[in-house]
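Visitor: Read off the chains here:
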Amino acid sequence: MAEDRAGPGVSPAESAELIGHAARRIVLTYVLFAALWILVSDNLLPIFWRDPTQIALAATLKGWAFVGVTALLLYGLIRRYGAGLAARATEARMVADTAGDAIWIVRADQRFLYANPAACQLTGYRLEELLAMTPADLLPAEARVELAPHLALLTTEEFIRREWPLRRRDGSVVGIDATTQRLPDGRYLAIGRDLTQQRQAQQQLETVLHDLREKERDLRLITTAIADVFWMATPDFSEIVFVSPSYEMLWGRSTESLYRSPHSWAEAIHPEDRPRIVAAFHQHLGAEVETEYRILRPDGSLRWIHDRGFPVYDEAGRLFRVAGIAVDITERKQMEASLSLALESARAGAWGMDMATGMVQWSRQTYPLFGFRPNTVPGVDSWLAAVLPEDSQLYQIAFDQAVARRQEVFWQTYRIRHPDKGLRWLTNRARITYSAHGAAERVSGINIDVTELVETRSALLAARQAVHALVDASPGPRATLGRDDSGQFTVEWANRPFAELIGRPVAELLGARFLNLLNDLDALASPTAIDATMGARFDLSIERPCGVTQVQMLVTPVQGVQEQAATLLVTAVDMTEERLSARREAERHLLTALGRMAGRIAHEVNNALQPIMSHATLARHACADNDQALGHIDEIQNGVRHGRDIVRSVLAAAGGQLSMREPRLLEQEVATALDLIRPTAPARISIATELEATGGCVSLAPSEVFQILSNLLKNAFDAIAGDGAIRIATGPCDVDLAQAAASGLVPGPYAQLIVSDTGGGMDTETLRRARDPFFTTKPVGGGAGLGLATVQALLGECGGGLDITSAPARGTSVRVRMPIRQPAARDTPPIAG
Amino acid sequence: MAKVLVIEDIEAVRNAMVAVLSTLGGHEVVSAGDGREGLLLLERHAVDLAVTDIWMPGEDGIAFLREVKRRHPTLPVVVVTGGGPNFPPIELSVSVVESHGADAVLIKPFEDESLLAAVRRFTPHS
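Those sequence lines, one after another, are chains A and B. For the first sequence, position 158 matches number 157 in numbering that gives the first Met the number 0, and the numbering has no gaps at all. For the second sequence, position 68 matches number 67 in numbering that gives the first Met the number 0, and the numbering has no gaps at all.
Chain A extracted, bound-state conformation (with noise of 0.2 Å):
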């Protein structure tokens, strides 16, 4: 038990180190101290004693005293010694059962004297199983019969180390790192670690390094790929840590100069800025800096830099690092000067507001803008001094509703009373920003002078509004256009007419598009474009209930209205009439020409086979004896008989088309017939014409017009002897319920006919019977008294009437009625007389 005890807390090697090294302290102690005692006493007696009994008594003295001091001495070192080393195996007793590793002791012969805690959790053994076992005992078979070379070869080796398998108490085996060596006294200290543990936490310390590689590869990817700067540097920044490759973009500066001379990127700084700069990144360590500054890159360019600086803490709470990153803005500052251009040009004032302070700040272009004097503090009451009261009013409760509303942007026009310029009009754009809680935070907006705009906008509207007058006061279909947004013409304005003729009322026209609507009623005109400061045409074919309109659509700038107003009058007209009648008057042309081809060659080919007829006839009575002659006689003329027959079919299919009774403006048809009669008038009778529009249609056929102009001329001609004058005129012509009680025409409107002569004019008796058929004043031969008769019977067919107005020696005038079918387009020009 002896060795038990002096075992595991001090090796004898150690105990006898210990003891030897105490030894020597006693004895240098002791050597001290009696060297010291003999001399010091021994030169001390003379001086206090001179008798030499006195010497040789006080010698004897001190020679006990030396014994007894030396005594004490001794026993105290040794007591002091001993303590020392009990204490120091005690130590040695307590680390080794709570050391980590398995610690064992072997004695000589191969039993376990010692196991620790951690050698018998290691092996599963109890410590009173493994005094008890020898270490070949932990060794699997195939390990055992390495361990007799081992031992062997501990007594030449100060230690081995090597891996051992050890085979717990389960039978399971674990692999182990031994340290053994052979102590002096022959016993053997074995000291193993459990390998598997220590494999598994290198494995997790593999994939923690694998991990963080892994990070750092990303960050490192990051950094390359985001043009921002990241940024780390010890806190005096001697050491550049950190920095992003797009260093090398912003910079224009290589990241390895940067690692090499860390104060570099200071030194691009515009020195301008730089004092500030500097001062800011080492003035406040330890807290966030945000700066805004400009670097000088190598190639001469300047950018503008935001900084943001923060301070990277250790987990002792020091200060361990500076980092940051710091962002390229030069664009935006860029901006920022282009917008404080632009609001200096557009003499705008820029301004804002802090809601919860009250604090407003102002450009300097504010000052010009309301009139204020340099000294003026920016503020609300500044402003209110300068607004007119209703207009602030106006404005907050304005103001108020946006908040309300939260609308982001707010829009107010506004007066002003500026000191040197009167009244002003200001229009003020703000962004009002809201707090998570929809509360406004801050208000920040310009002011702009619209005053000539306002101005402008006022004459513009006056001007507007009397081309509406205009408009409204206009008989015919009349509409304004403005423009829209986009930029497409709008139906401004519109009259009732116009409203009409599109088939829309007003209120549905106004804001309409012009092209839209007019594409809505002619697919086919597909009107595409307006030229503003040329105008447009646009040639419309509208379908009606009642037939197909034709209208045109004149699109022409108004003057003196602004040409950015782009206000065009649009003026509408009805071409139906005009349409149709230059339709007929097309076809009269061409059927007059055809007529007369016709007749002339009818002319020609009768003439032609009139003498072969004549001849013919001649022939038959000459060669009435032979009957092969007179047969040829009758192929003769019956050739010419089948000619006269082609020659009248065509005539009549020529002249058929003027036998059509169909609506006719009776101006026209007037005109065409008296193409034909005129040559017929004797020379001494002048024919003046006054063919004025008639306002519609009536229904006749041309050869009935002509039949009725050729009758009253033929009277007219009769009725003047000598030199005289015939007067011909058309007209529109109503007739009221009198007259239509009188005449026994339907009241409405008519179409007229006047054929006035200065000849001998008639007595009462005379034209009372005027119109009766077969009465003539005329001698025989002068004509059969039809012709008046005739033109009552045709015009009582179309439902018209005749009238004479004639007294003796002062002339005749016939007037003639005829009932309007289908009115004409208004304005249609007059016919020339």
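What the hints contain is simulated information worked out from the structure, not anything from laboratory work. Among the clues, some could well be false.
As the list claims (entries may be wrong) - Here are the computed distance ranges between Cβ atoms for each label pair: (1) 112/B to 737/A: 53 to 61 Å; (2) 765/A to 14/B: 42 to 50 Å; (3) 767/A to 119/B: 37 to 45 Å; (4) 119/B to 596/A: 31 to 39 Å.
Backbone N, C-alpha and C fix where the C-beta goes; we use that ideal spot for every residue, glycine too.
Given the coordinates of chain A, work out where chain B should sit on it, guided by the hints.
Guide: Same frame as chain A, now just chain B:
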């Protein structure tokens, strides 16, 4: 037998009518190329009936007709017409000629018997 004045500008037609009237009708015939010449012949000859074309150069048939009816209201006038450039429909030609006092209208090419019948009709005593 009647004395007939024929006014026709086209010689072939004039000769044919003259031949028919004289050879087949046995009438005495004087002829002229236009209205003016015809009026002169009327002054010189006691004519029973005039046959005239309408559309002729110079004084045309209408003017002749009107003048004849003025000077010799009882003289029958037979108008022969082949139509003309200004009166396409034959009916209108007839109408206008009749309205100017023509006693008969023959449309060329007419049957010669029609001409002879018209002469007989208007000169019953001849």
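Visitor: Run every hint past the structure and note whether it holds.
Guide: Here is what the structure says about each hint:
Hint check: residue 112/B to residue 737/A, Cβ distance near 60 Å, so the stated range 53 to 61 Å holds. In this structure the supplied range 42 to 50 Å holds for residue 765/A paired with residue 14/B, their Cβ-Cβ distance being about 47 Å. Separation of residue 767/A from residue 119/B is about 40 Å and conforms to the stated range, judged on CB atoms against 37 to 45 Å. With their beta carbons about 37 Å apart, residue 119/B and residue 596/A fall inside the hinted range of 31 to 39 Å.
Figure legend: structure checked against the earlier numbered hints; every hint is met.
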